[in-house]
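Number of protein chains: 2
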Amino acid sequence: MPKIIDHEKRKIQIAEATWRVILERGMEGATVRNIAKEADLSSGALRHYFSTQDELLMYAMNLVKENATARIEKIAQQNFPPKELVLKILMEIIPTNKETLAEMEVWFAFIAHFMHDKSVFEVHHDGILQGLQKLIELLEHFQLLKKELNKELEIEKLYALVDGLALHAMFEPNRIDKKKIEQVLFSHIQSICK
Amino acid sequence: MPKIIDHEKRKIQIAEATWRVILERGMEGATVRNIAKEADLSSGALRHYFSTQDELLMYAMNLVKENATARIEKIAQQNFPPKELVLKILMEIIPTNKETLAEMEVWFAFIAHFMHDKSVFEVHHDGILQGLQKLIELLEHFQLLKKELNKELEIEKLYALVDGLALHAMFEPNRIDKKKIEQVLFSHIQSICK
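Those protein sequence lines, which keep their order, are chains A and B. If you're matching positions, the first sequence starts at 43 in the working numbering and goes up one per residue. If you're matching positions, the second sequence starts at 43 in the working numbering and goes up one per residue.
Treat the hints with care, as some may be off.
Identical chains blur together in the list; that is why a pair holds if it fits in one copy or across any two.
Think about it this way: if two alpha-carbon atoms lie no more than 30 Å apart in a straight line, the pair counts; the simulated BS3-like pairs of lysine-lysine are [said to hold, decoys possible]:
#1 K116 <-> K221
#2 K79 <-> K222
#3 K189 <-> K140
#4 K79 <-> K51
#5 K188 <-> K79
#6 K140 <-> K188
#7 K188 <-> K222
#8 K220 <-> K51
#9 K125 <-> K51
#10 K51 <-> K221
#11 K51 <-> K193
#12 K221 <-> K193
#13 K193 <-> K53
#14 K79 <-> K130
#15 K130 <-> K188
Read the hints as simulated data drawn from the structure, not as lab findings. Because the structure is a prediction, the values reported are computed rather than measured.
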């Protein structure tokens with residue numbers, strides 16, 4: 043009696059195999075053949091789920107984003123004071139543990155791979171900018187934000203700060219650790235709040 | 043009578059051919075064969091200058107850095123008031139024209155290619171952090187920096203801000219233009235100065 047395998051569950055397994063291949067061999071190693079082998083499938087069976095390599099890569103990229111979003115939403119539902127909540131969410135965006143560093147490395151490989159295809163970027167925009175806008179609005183809502191600030195510029199600045207710290211967390215983990223990142227973010231939040 | 047070709051000049055020509063290949067085809071296309079063709083050389087002749095692909099890529103990567111450093115030094119020698127000088131140098135680090143955007147794209151492809159080889163990063167550290175430290179010290183020297191600031195955190199923050207803006211300038215040129223980047227940087231300089 044053949045096992046009934048949930049289609050979506052199998053797609054997630056394949057995406058996870060894709061991440062492992064990218065972490066081990068880089069994007070150049072992320073061929074359909076290698077990914078199928080890692081997922082313990084034939085190339086033909088893999089094509090049943092994803093007809094092209096790019097379709098698979100985009101699915102895997104999106105799953106990284108969904109995982110991160112789920113973690114952030116879980117924090118947002120907890121009952122922290124506004125400034126603390128903002129800091130906790132920012133710390134969740136920046137990779138500071140083994141799991142999120144691996145996610146960032148895969149994300150970075152995806153971005154480098156798709157960088158010439160702007161349409162992919164439009165669709166798979168990582169949603170961080172919108173999230174940061176909400177955080178600034180949260181501080182404003184609780185009347186914590188300094189009145190003289192230009193909100194639009196502050197959102198842009200926070201966005202650059204977060205992505206820059208994420209980049210440094212990934213490439214220079216020995217120079218900048220979790221504690222330092224938290225200090226930089228905390229000092230920034232303080233500088234924009236009353 | 044054979045032309046005497048300056049060895050270093052030819053190496054630079056090959057590096058420039060490497061940039062063009064990367065811009066057109068991405069890192070996956072940057073094979074010795076393709077680069078030799080673009081440089082109008084045989085693969086054998088190219089190997090006379092660079093014995094491995096990685097040696098060539100590292101040379102080309104370093105040349106991007108040297109070009110940027112030269113441009114920054116030229117600005118530093120001009121006689122601008124301190125805050126204006128800092129803004130001008132920061133604007134030179136962040137890619138905002140066709141030439142520097144191409145440089146950044148090549149640099150990004152290099153980094154993604156070498157990201158698993160930490161030793162390359164140690165050697166080819168891009169020197170931006172040291173440069174930014176000097177800028178913060180310049181503001182301090184002219185007694186422009188706010189006294190209550192933690193200098194170490196401010197250098198780290200500026201570093202993340204600059205790299206984040208560079209990333210966004212490259213990937214989202216339609217959303218964030220040169221003027222917006224300048225406004226973000228100016229507002230940041232103002233926020234750390236008296």
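Here's how the hints hold up against the structure:
For a Cα distance limit of 30 Å, the shortest separation of K116 from K221 inside one copy, 22 Å, qualifies, whereas the shortest one across copies, 37 Å, does not. In this assembly of identical chains, K79 and K222 lie within 30 Å of each other by CA distance neither inside one copy nor across copies; the values are 40 Å within and 47 Å between. Taking identical chains as interchangeable, the C-alpha atoms of K189 and K140 are never at most 30 Å apart, the minima being 39 Å within one chain and 37 Å between chains. With identical chains, the CA atoms of K79 and K51 are at most 30 Å apart within one copy only, with a shortest distance of 18 Å there and 46 Å across copies.
Within a single copy, K188 and K79 get their C-alpha atoms no closer than 55 Å, and across copies no closer than 58 Å, so neither meets the 30 Å cut-off. Taking the closest pair of Cα atoms, K140 and K188 never come within 30 Å of each other, the shortest separation being 36 Å inside a single copy and 37 Å across copies. Taking identical chains as interchangeable, the C-alpha atoms of K188 and K222 lie at most 30 Å apart whether they share a chain (24 Å) or sit on different chains (21 Å). Taking CA atoms no more than 30 Å apart as the test, K220 paired with K51 passes in neither setting, with 33 Å inside one copy and 44 Å between copies.
For the identical chains of this complex, K125 and K51 are neighbours neither inside a copy (38 Å) nor across copies (56 Å), given an alpha-carbon limit of 30 Å. In this assembly of identical chains, the alpha carbons of K51 and K221 never lie at most 30 Å apart, being 36 Å within a copy and 46 Å across copies at closest. Proximity of K51 to K193 under the C-alpha cut-off of 30 Å is found in neither arrangement, the shortest distances being 42 Å within a copy and 50 Å between copies. In the homo-oligomer, the alpha carbons of K221 and K193 lie at most 30 Å apart both inside one protomer (27 Å) and across protomers (16 Å), since each shortest distance falls under that limit.
For the homomeric pair K193 and K53, neither the shortest alpha-carbon distance inside one copy (41 Å) nor that between copies (48 Å) is at most 30 Å. For the identical chains of this complex, K79 and K130 are neighbours neither inside a copy (38 Å) nor across copies (52 Å), given an alpha-carbon limit of 30 Å. Taking the shortest alpha-carbon separations for K130 and K188, both the intra-copy value of 20 Å and the inter-copy value of 27 Å come in at or below 30 Å.
Violation of the numbered hints given earlier is confined to hints 2, 3, 5, 6, 8, 9, 10, 11, 13 and 14; the remaining hints are satisfied by the structure.
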